[in-house]
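A.B. asks: When you get a sec, could you build the whole thing from the sequences and use the hints?
Line order of the protein sequences matches chains D and L. FYI, the numbering for the first sequence is 1 to 661, going by this note's numbering. FYI, the numbering for the second sequence is 1001 to 1617, going by this note's numbering.
Take these hints with a grain of salt, some might be off.
Unchecked claim - Reference excerpt, derived from the structure (chain D facing chain L, CB under 10 Å, subset only):
| hint | residue |
| --- | --- |
| 1 | Pro-41 |
| 2 | Arg-46 |
| 3 | Val-615 |
| 4 | Lys-647 |
Said to hold, decoys possible - What follows is a list of derived Cβ distance ranges for each label pair:
| hint | chain 1 | residue 1 | chain 2 | residue 2 | range |
| --- | --- | --- | --- | --- | --- |
| 5 | L | Trp-1334 | D | Gln-140 | 13 to 21 Å |
| 6 | L | Gly-1468 | D | Tyr-165 | 32 to 40 Å |
| 7 | D | Asp-38 | L | His-1250 | 33 to 41 Å |
| 8 | L | His-1250 | D | Tyr-165 | 33 to 41 Å |
| 9 | D | Val-147 | L | Lys-1025 | 34 to 42 Å |
| 10 | D | Pro-37 | L | Val-1157 | 55 to 63 Å |
| 11 | D | Gln-140 | L | Asp-1358 | 52 to 60 Å |
| 12 | L | Gly-1206 | D | Arg-194 | 53 to 61 Å |
It should be emphasised that the hints constitute simulated quantities derived from the structure, not laboratory data. It should be emphasised that the depicted structure is a prediction, and the values quoted were computed from it without experimental measurement. Every residue gets a Cβ at the ideal spot worked out from N, C-alpha and C, and that includes glycine.
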Amino acid sequence: MVALTINGELVEAKEGMTVLEAANSAGIGIPHLCSEPDIKPYGACRVCVVEVTRNGRSSVTTSCDLPVEEGMVIDARSPAALKTRKMMVDLLLSRCPNVRPLKHLAAGLGIKQPSFSTENPAEDCILCGLCVRACDEVAQKDVIGFVDRGQQRKVTTAYDQADPYCASCGKCIKYCPTGAIEHVPGITVKGLGRIWIYLRQAVQVGMLALFLYLIYNTVRGKVLPVPANLFSRFDPLMALVAMIGGKELIANMIPALITIVVTLLIGRVWCGWICPLGTVLHAYGPKFPKLPNWLRSIKYILLIAFVGGALLGVLAFMWFDPITIFVRPLAGTVFPYLLQKSAPIAIPDGLAAQRVAEIPLRPLIHRELLIPLGIVLFLNLFAKRFWCRYLCPLGALIALTSKFALIKRYVDKKICFEWGCCLHSCPMDTIAYKDLSSDPGECIMCMDCIGDCPSGSTKFGRKAKPTWVYSYDPSRRKALVGVAAGVAGAFLLRMDAFKSKYQYLIRPPGAEQNNFLSKCIRCGQCIKICPNNALHLVAKEGGIESHLTPVLIPRTGACDWECNSCGQICPTQAIPKLSLEQKRKQQMGTAVVNTEICIRCLLCIKECPVKGALVQGTIEGLKGKYPIVDATKCIGCGACEFICPIKGEAAIRVEAPPKSA
Amino acid sequence: MAKLQSATELETWRKDVLATRDPNKQTITICGGTGCRALEGQAVSDAFHAGLAAQGLASQVDVKMTGCHGFCERGPLVVIFPQRIFYPGVTAKAVPDIVSKTIAKGEIIEKLLYEDPATGKKITYEYDVPFYREQRRVLMEDNGLIDPTSIEDYVAVGGYKALAKVLSEMTPDQVIEEVKRSKLRGRGGAGFPTGRKWEDARKAPGDTKYVIINADEGDPGAYQDRSLIEGNPHSVLEGLLIGAYAVGAHRGFIYIRNEYPMAVQYITKAAKDAEAYGLLGENILGSGFSCTFDVHRGAGAFVCGESSALMRSMEGKPGEPRSKRIHATESGLWDKPTVLNNTKTWALVPHIINRGADWFNSIGTEGSKGTMVFSLVGKVNNTGLVEVPMGITIRRLINDIGGGIRDGKKLKAVQTGGPSGGCIPESLADSQVDYESLTKVGSMMGSGAMIVLDEDTCMVDTARYFMGFNSSESCGKCTACREGVVRMYNILERITHGKGEEGDIAQLELLGETTRNGALCALGRTAPNPVLTTLRYFRDEYEAHIKDKKCPAGVCKDLISFSVLADKCTGCGLCKRNCPQEAISGEKKQAHVIDQQKCIRCGICREVCRFDAIKVE
Ligand SMILES: Cc1cc2nc3c(=O)[nH]c(=O)nc-3n(C[C@H](O)[C@H](O)[C@H](O)COP(=O)(O)O)c2cc1C
Ligand code: SF4
Ligand code: SF4
Ligand code: SF4
Ligand code: FES
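C.D. replies: Structural data, given as structure tokens:
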């Protein structure tokens, strides 16, 4: 045994050990880059410099190749040693400004910025020679080596080509501290979990296809074996908000519970694998925008605000749900447009045809519905999944849930190479530079990171505890802000000034009686299933709270006596699911005759499906026979209004029932 | 030829050789050194042969092409023995005259003689030429006398006497003792005591040991080792054999750069001849001691002169230095105890054995004994190889031997020690040339290059030049040297281009200090020297470049401008005609002007102007 002093501590070391080894075994850390226990010292990086004093003379020298000697005094932190080490790290950092272990080391030495500029910031080989020595000493292959001198020095294989002697043992890969071995000619570094990425992509594509298929067929009016509102019914945000708003359990939304359970088990897979909007947003956009992290808290605040609003029965914000954002333009704009191109919508002939052409009603293709989706897609140009990271309230709900998920992403530090490959793969930019950990709330389980992990250290399993440590995580303050915003918003919308006085706001059958506004999640699916093109989304006539809710406009089509589809498709049952019998009894409004313009053709009477609701009669003070409405029988389906041959506003119009207050 | 079986047989042979030689026979020696060969030395030699034949003197006169005489500045050199009549700068045209007058009639040809630039006097004899007079020639002594391809010539001047003495009269320990007593230090740069190195290797366990001659000589401007091998290859070989005997090695090598084909050829021939005479190989001089010899040609990387890199290169690996924790004397070439010495170190050994350690000790200073060969180059009148006793002052070397600075300019500094040596300012020109003193002033001995810089030299630019060399010669293994040196070079490059910034000097000093401390081998550890010494002695020049954007010496193109001094300009138009950019205009007999926009600052106008009318600032 040899006794020496390292950093003021007396250390016992075995004969033949190096100072670095002796320090390590005594638990004293000396920074180093090119030294590994099972490989011979080489002395390339010069980071392990220490000041050594022997026989009263001191000098700065490397410790990784310095054999211990009795009575030697080592100071790894003396001013001279530190100055030299700092410069060595600075020089290496200036060569490879983006290499993680170097940046760590530099930060530890107080280097904020490399002192010298580089022409090739992508350079990541620090020329430590560990790969060369691993190949020579550990693998005993001697396939890679250094060529050239000075600045031109680089690691390569013979003739820069894959070498037949290379056993693909991966030893070099394991020893490379920076990941530069990936760029050594003839050496291939494989990510280990590619298969997961392929699987996910297949699922995503399948889900998106299914989603489009459902909507397309809904628009076409085709009946499918799968519920057309499938995705909405799995949307827990819709479920939560509609149930809170409607203050009742909505049987239709039970599947959303499955989403929650799945999230509790395996995290935010909804976002990574299922959500059709998410799939589209995953496809493009920069992964590492220069945007502040606090933006991520917006989605939490929005979520809380929406729930707050729902508590007061206001669901107007739900047009901000990702499913509805995606459904509406597809159902209201894209598919109608495509369908119209291929097979123009049949326009009734005769008088009705004329009227449809003349009536200045809103166009059949609702172009404005494209705007929200357009904005979301546009924002994605600034950050991949911009919407998911910063805005999506559904994402926020699922994120909060996945903080408690059983299975989460973690990095097995024992086998991690520390190259930081995963950093570059994460579409949510949630992997921390510092320790490669991630926020389970932000992680969408897309597995892009295991696809790129060369060491197999990125894992998904029962490991990580819930973390509530991120600056953007919802805090009590943010929750209060959210609730306040929601409540204030709700009150604002409910103010008389914003209330609609529009007397023709006719809701789909059964809706009015059903606390409609507190349940409708503004998905727009009903308008497109309506076979008569009778339902439309109101823009502003209904007041802000009604924005993007369905309304019946009989001039374009009446509620079909033989149809109850809207109740079937409504995911939150804001339009109740009714049998045809029940539906025929729902009063949507009441027809009112405008005797001033009525030409007494009495076509409407012929059209009215309800027995006794519209009959011939006389009106006091007027000559001739007029249609007379029996308000107790009329259900407001609008068949009369539709058929009325008067140009512009019909002479018989359905009026909404007076608001309950 | 039968192999010599003993020291006595060697002496007998020597007598035989000498007997055939008449010391008074006229001998014409023509310098065959690199410098003189470049100046058509070979043609001169041919002309002599032809001339003598024509006059029917061929049998009475010997003609010899020898190794380098040193005074390369005035080549091709011709010396006529026995009188030692000295004709510098001889052309083939002058040869018939020499043959018909000097050789045939003993007449001295006045106009061919050397004229001392200091006194203007003609000098007839070689030993009177100040360049030679002031030297102390030990290693180079025989260069001008012998034909390097002739072993007889070497034997005639006492060659292999030391080897015979060692093998017949001395034990290896006695040899080491003698070398130790001589205080001989390595001539390869670091000045490590040679005796101690040998002793370490002798004591190292194992039977297989090696000795190596380091003839890599990669410093720009240095050619001493080359001249020695080209002039007297047997002396190096003899030294190596003595060393091999002392340390117990049976294989010797020379590591020589491939760019020295003649040296390679001569040393190979010398080894072949020596072997034929039983002076090399099995059972040398019947002593029972054997040693083989191989020539290893290096590819010419500067760093391969470093001992561990040299050995890696000989092993067929990349020429990369490795940590000096394990000494080569314990584990060197193929991990066997190895002694590597510089060519000059080896060649000094026979002299020490022959004349004794005390004689060697009588030359030089307390810490540095013996003589040292320098290549004196740069702005000095007499460039060439000079051998001087250790401890001579720089000023004497330059003024007395070098004949002062060219064109009457002033001495500014001397760069010693090769590319990683330092610049010693004129104010310190009275310091001695020995290991300690040079280190004290921030420079080093190196392998003996000495570059004289005059007042027209920009020191920042000089530092930049050397740092450029060092950065491209770094092997690239360690961070300090690979990255540090190039960063220093970049900063200097910026400064000389007028883009220097506040803080550059501090950064250079920090880089210099940390590179010196951090580098793995001596290349990196010494590479910052050019910067650190110029910063130490010429800081104001750096400041002028950085702060005032001026190059005081008028060298850095981005910082200077040329203009015509109207009062001196005669309007001769010479500059106008020579300017490659047509930047100069002016009527005949009128003062000319330089268009600064067009001027590329090449300085041609200044060179051609006969009236000193071009000003640079
Ligand atoms: C970069 C570098 C280049 C060197 N080049 C030479 C050289 O060309 N010739 C030489 O003899 N020594 C050279 N040396 C010195 C050798 O490493 C070694 O010290 C020397 O050959 C030992 O011989 P000596 O003890 O006779 O000086 C060089 C050293 C370094 C660091
Ligand atoms: S590739 Fe990696 S291990 Fe190899 S020298 Fe470069 S940084 Fe070191
Ligand atoms: S965050 Fe929202 S839009 Fe993004 S994937 Fe999740 S649910 Fe879909
Ligand atoms: S100091 Fe320079 S030459 Fe020496 S090992 Fe380091 S990089 Fe190579
Ligand atoms: S760890 Fe010692 S030089 Fe790299």
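A.B. asks: Decide, hint by hint, whether the structure agrees.
C.D. replies: Outcome of the hint check:
1. Pro-41: Constraint on Pro-41/D satisfied, holds at 7 Å.
2. Arg-46: holds (4 Å)
3. Val-615: It is violated, given that the least Cβ distance between Val-615/D and chain L is near 99 Å, above 10 Å.
4. Lys-647: violated (82 Å)
5. Trp-1334/L <-> Gln-140/D: 13 to 21 Å: holds (19 Å)
6. Gly-1468/L <-> Tyr-165/D: 32 to 40 Å: Once the Cβ atoms are compared, 38 Å apart, the range 32 to 40 Å for Tyr-165/D and Gly-1468/L holds.
7. Asp-38/D <-> His-1250/L: 33 to 41 Å: Holds, at about 37 Å.
8. His-1250/L <-> Tyr-165/D: 33 to 41 Å: At 36 Å between Cβs, range holds.
9. Val-147/D <-> Lys-1025/L: 34 to 42 Å: Once the Cβ atoms are compared, 58 Å apart, the range 34 to 42 Å for Lys-1025/L and Val-147/D is violated.
10. Pro-37/D <-> Val-1157/L: 55 to 63 Å: holds (59 Å)
11. Gln-140/D <-> Asp-1358/L: 52 to 60 Å: About 56 Å separates the Cβ atoms of Gln-140/D and Asp-1358/L, which means 52 to 60 Å holds.
12. Gly-1206/L <-> Arg-194/D: 53 to 61 Å: holds (55 Å)
In this structure, the earlier hints numbered 3, 4, 9 are contradicted, and the remaining ones agree with it.
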